[in-house]
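Participant: Keeping their order, the protein sequence lines are chains A and B.
Numbered by the working numbering, the letters in the first sequence go through residues 11 to 282 in order.
Numbered by the working numbering, the letters in the second sequence go through residues 11 to 282 in order.
To be clear, the hints were calculated from the coordinates, so they are not data collected in a lab.
Warning: the hint list may mix true and false statements.
When chains are identical, the list treats them as one kind, so a pair holds in a single copy or across two.
[What the hints assert, rightly or not] Below, computed lysine-lysine pairings styled on DSSO-like, alpha-carbon distance capped at 30 angstroms:
| # | residue 1 | residue 2 |
| --- | --- | --- |
| 1 | K282 | K198 |
| 2 | K152 | K198 |
| 3 | K198 | K279 |
| 4 | K92 | K152 |
| 5 | K92 | K131 |
| 6 | K282 | K152 |
Number of protein chains: 2
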Amino acid sequence: MILVNGKTEDRIAITDRGLQYGDGLFETIAYRTGIAEFLQQHIERLLLGCEKLGINFTHVDQLEHDITQISNDLANNDGVIKIIITRGSGGRGYFASPDLTATRIVSSHPLPSYPTENTAKGIIARFCQHQLSDNVHLAGIKHLNRLDQVLARNEWTDPTIAEGLMSNADGNIVEGTMSNLFVVLDNKLMTPLLTHAGIAGIIRARLITIAQDYGLEFEQRDISRSDITNAQELFVCNSIIGIWPIRLIETRSYPVGPITQLLQNLLSKSPK
Amino acid sequence: MILVNGKTEDRIAITDRGLQYGDGLFETIAYRTGIAEFLQQHIERLLLGCEKLGINFTHVDQLEHDITQISNDLANNDGVIKIIITRGSGGRGYFASPDLTATRIVSSHPLPSYPTENTAKGIIARFCQHQLSDNVHLAGIKHLNRLDQVLARNEWTDPTIAEGLMSNADGNIVEGTMSNLFVVLDNKLMTPLLTHAGIAGIIRARLITIAQDYGLEFEQRDISRSDITNAQELFVCNSIIGIWPIRLIETRSYPVGPITQLLQNLLSKSPK
Numbered sequence: 011m012i013l014v015n016g017k018t019e020d021r022i023a024i025t026d027r028g029l030q031y032g033d034g035l036f037e038t039i040a041y042r043t044g045i046a047e048f049l050q051q052h053i054e055r056l057l058l059g060c061e062k063l064g065i066n067f068t069h070v071d072q073l074e075h076d077i078t079q080i081s082n083d084l085a086n087n088d089g090v091i092k093i094i095i096t097r098g099s100g101g102r103g104y105f106a107s108p109d110l111t112a113t114r115i116v117s118s119h120p121l122p123s124y125p126t127e128n129t130a131k132g133i134i135a136r137f138c139q140h141q142l143s144d145n146v147h148l149a150g151i152k153h154l155n156r157l158d159q160v161l162a163r164n165e166w167t168d169p170t171i172a173e174g175l176m177s178n179a180d181g182n183i184v185e186g187t188m189s190n191l192f193v194v195l196d197n198k199l200m201t202p203l204l205t206h207a208g209i210a211g212i213i214r215a216r217l218i219t220i221a222q223d224y225g226l227e228f229e230q231r232d233i234s235r236s237d238i239t240n241a242q243e244l245f246v247c248n249s250i251i252g253i254w255p256i257r258l259i260e261t262r263s264y265p266v267g268p269i270t271q272l273l274q275n276l277l278s279k280s281p282k
Numbered sequence: 011m012i013l014v015n016g017k018t019e020d021r022i023a024i025t026d027r028g029l030q031y032g033d034g035l036f037e038t039i040a041y042r043t044g045i046a047e048f049l050q051q052h053i054e055r056l057l058l059g060c061e062k063l064g065i066n067f068t069h070v071d072q073l074e075h076d077i078t079q080i081s082n083d084l085a086n087n088d089g090v091i092k093i094i095i096t097r098g099s100g101g102r103g104y105f106a107s108p109d110l111t112a113t114r115i116v117s118s119h120p121l122p123s124y125p126t127e128n129t130a131k132g133i134i135a136r137f138c139q140h141q142l143s144d145n146v147h148l149a150g151i152k153h154l155n156r157l158d159q160v161l162a163r164n165e166w167t168d169p170t171i172a173e174g175l176m177s178n179a180d181g182n183i184v185e186g187t188m189s190n191l192f193v194v195l196d197n198k199l200m201t202p203l204l205t206h207a208g209i210a211g212i213i214r215a216r217l218i219t220i221a222q223d224y225g226l227e228f229e230q231r232d233i234s235r236s237d238i239t240n241a242q243e244l245f246v247c248n249s250i251i252g253i254w255p256i257r258l259i260e261t262r263s264y265p266v267g268p269i270t271q272l273l274q275n276l277l278s279k280s281p282k
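Chain A extracted, bound-state conformation (with noise of 0.2 angstroms):
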């Protein structure tokens, strides 16, 4: 099912900003159980990036009922509701009027079907060749110029490698082509900084909170390819998947560590 601006609809307008200019930001959330997981914090993430970029979306009552209305036709089957928010339709060239109103997307999608295994057991990675944007403008930034995600994931069609770790210019690695990376390295839990690349993540934030509410030793820092290397325990997580424990990077394998592990607890403890 989609919603455009409230209706269900399957197309857009080809003068729509997003695909113009991808000139708009997304989430995508969780739902089981007849839950939407973690809604609020989409919305806030949402609206700052609307913020951030300028977009005059003010139709938070809308959305959320287009998303109640998502959810009971999903009912009880599990699923993945995206929400694409775009600048709206038109302007001259680059330039938007301040008063164009907003398109709102929402739609319901099949869970994709990853294998059970890799939550328990822990997932192969790679090192993509792609590299991230460099810039402090967009850095944390959920918008839709996602080319970098997609030249990056397309570098391998090998179905057993689940995830591929994208590096900045630095050389220093940011996170995954879908997730947000975390390193257990001297003993201390860490995640990339995302000053100059990167997307903020809803359970990335969510992690450090619980990180730090257990009293977990917990730093952002920039990540070195030899931190990889020398790190103790490795996982990525988003949304969908929650926490994937990296198990194989190339040569160097990993244990599924205790801190991933309590962090797995923790997280399918925490409300969402």
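Add chain B to chain A, keeping to what the hints say.
Facilitator: Showing chain B alone in chain A's frame:
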């Protein structure tokens, strides 16, 4: 008039990767006096972009047919022909099956109504705050990830300012929001290197050829903010505007100098 895969249509599937990820390319072609100007160069750049992004677009014959149909529809009216090619519709997240069929969109638009004195007397430009994303893999390509240009162009509403110059993270000036930049410094024609950011424009390429054929001293190199201050002449160019001299940036004014006038003259006589 809009043709989507050869059929009159004004909408596109929500699932198209152009909307979902900005996963595509575009070209903006001037149609004047019955001619789609520099058409072969535009098509060549488009095909090069498809190759770089791994987009499986082979329907060049159909694209040329679409352009003919759009041109016939424009008839004796001048206008702009815009081409968008996306990777197509669908895929599992960022992953795209290599056998996706590219989406082909060709549309006509009125020529923008720029003041005629822009060409002869020059324009007022400004420096933009928003910086270009840095990515060696994407630099030069006219792809659909254009948030940088959108954000930079929407920094000002003053209609007397015709263009904004954008810098990269190093502070070097790379291009305008919708144009390439040329500088005359120490009596030498220069244009910024596009190794890390920027679009390799059709008029930029033609002007480089023209300058070299004419025997002008020419160099592609990094252009700093102080190079702009010290320049003897400055101009921006693209397929629609041709060459616009810059007569003022902030408090610094520039003449419409002899090299700019020479290149305007040679460009106007150059085969299109």
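Participant: Each hint needs a verdict: does it hold in this structure or not?
Facilitator: Here is what the structure says about each hint:
1. For the homomeric pair K282 and K198, the shortest alpha-carbon distance inside one copy (26 angstroms) is at most 30 angstroms, but the shortest distance between copies (63 angstroms) is not.
2. For the homomeric pair K152 and K198, the shortest alpha-carbon distance inside one copy (27 angstroms) is at most 30 angstroms, but the shortest distance between copies (43 angstroms) is not.
3. When the C-alpha separation of K198 and K279 is checked against a cutoff of 30 angstroms, the pair qualifies only within one copy, where the shortest distance is 22 angstroms, while the shortest distance between copies is 67 angstroms.
4. With identical chains, the CA atoms of K92 and K152 are at most 30 angstroms apart both within one copy (12 angstroms) and between copies (27 angstroms).
5. In the homo-oligomer, the alpha carbons of K92 and K131 lie at most 30 angstroms apart inside one protomer (28 angstroms), although the nearest pairing across protomers, at 50 angstroms, exceeds that limit.
6. Proximity of K282 and K152 under a CA criterion of 30 angstroms is satisfied intra-copy only: 20 angstroms inside one chain copy versus 41 angstroms between copies.
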